[in-house]
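Trainee: Which chain is which? The protein sequence lines are S and C, in order. Residue 4 is where the first sequence starts when you use the numbering used here, and the numbers rise one by one after that. Residue 493 is where the second sequence starts when you use the numbering used here, and the numbers rise one by one after that.
One thing to keep in mind: the hints can contain errors.
[What the hints assert, rightly or not] Pairs of lysine to any residue residues, derived as SDA-like cross-links and limited to a Cα-Cα distance of at most 20 Å, are as follows:
1) C:K702 to S:V83
2) S:K84 to S:I19
3) C:K706 to S:M38
4) S:K98 to C:N553
5) C:K706 to S:L45
6) C:K702 to S:K98
7) S:K98 to C:N504
8) S:K31 to C:E653
Please keep in mind that the hints were generated in silico from the structure rather than gathered at the bench. Small disclaimer: the values here were computed from a predicted structure and weren't measured.
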Amino acid sequence: MTTVLRVILILMSLLILAVMMRRIRHAKARIEDSMFWVFFALLLVVFSVFPGAADWLSDLVGTMSTANFIYMLVIFLLMVKCFSMSMRISQLETKVKELVQRIALDDNKLEERMSELEKREKKS
Amino acid sequence: MSDLLIIIPAYNEEKNIERVVDHLREQYPQFDYIVINDGSRDATARICREKGYHLLDLPVNLGLAGGFQAGLKYAWENNYSYAIQFDGDGQHRPEYIQPMKEKMEEGYDIVIGSRFLTEKKSRSMRMLGSSLLSLAIRLTTGIRIKDPTSGMRMFSRKMIEEFALSLNYGPEPDTVSYLLKQGARVAEVQVKMDERTAGVSYLNPVNASKYMIKMLFSILVIQNFRKRDKRYSKKEGKQK
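Looking at chain S on its own, in the form it has when it is part of the complex (with noise of 0.2 Å):
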């Protein structure tokens, strides 16, 4: 790995943390959301302050380079997020959808109830 290439991830590692840490101390993001990123910025700084267990991890996999192991591993990682973020949408828009169903039918049961009452008042 060249100099700027490490210097290009540490730098961006260490926005991707200050910026998770914000977000955090103001509330803004729950902390099992900000684990993954925190773990992504450390390993990135890991590699790029010791590239020496990248080169052997790249040597072990048996890529070019340790710049093609570095992206390959950063693309893998985005795609597991990737997926387990489309699995918690998919749950979180059935929630929403049951949520949203519930809401009308227990409106449209008091409407009904409100009616029969406004109803006997007439009668009465």
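Please build the complex by placing chain C on the supplied structure of chain S, with the hints as guidance.
Mentor: Chain C only, in chain S's frame:
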């Protein structure tokens, strides 16, 4: 109406809920309670309705943190002074509620029903996890909490408000650690707990490891960066 609310989160507890709530209603009628049915797929909600229990029936599953928070919102809106988290599976014993309340009235914010205050921990994987969390809390706050994972916790009115209305206030050791750091007063009271008699525990090795990693990371790293909402930190300043 009592000034203490027992919050009973229940997720698929059809085998336990009747025994737990009936026992409370018969033996401890001086306390109010509410069952939070966290979108159970089994007959939990039906049983509660048939028996006429006080029930908050969540239409979808929120998980323990969200379900318990719903109970705290209920406690906040109905002006309870104290709220206690009480498991729906029968692990917690109600005879310890009164001693915890008495401790609370000495002026604490949170009182934990602790299994290991005077009794020693047994040696097992679960206890290793508990000790690690104790150590993490001690490292970051300097305060010893003997049983950080106990789910039997009592909260003051001030804490009820804070937990009910804010983000990242799950009923977990990392929140306790954070609040300790912010100057909250936390006490422990020795209690006994029963093994769960029916139903399945959520704690399998995979979930337990995930939980441990999340808690340790949260206590050791994240909580150091959090800032408390001015509303709550100001109040504490005034009291001193």
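Trainee: Against this structure, judge whether each hint is valid.
Mentor: Comparing the hints with the structure gives:
| no. | hint | verdict |
| --- | --- | --- |
| 1 | C:K702 to S:V83 | 17 Å, holds |
| 2 | S:K84 to S:I19 | 15 Å, holds |
| 3 | C:K706 to S:M38 | 8 Å, holds |
| 4 | S:K98 to C:N553 | 8 Å, holds |
| 5 | C:K706 to S:L45 | 16 Å, holds |
| 6 | C:K702 to S:K98 | 24 Å, violated |
| 7 | S:K98 to C:N504 | 18 Å, holds |
| 8 | S:K31 to C:E653 | 19 Å, holds |
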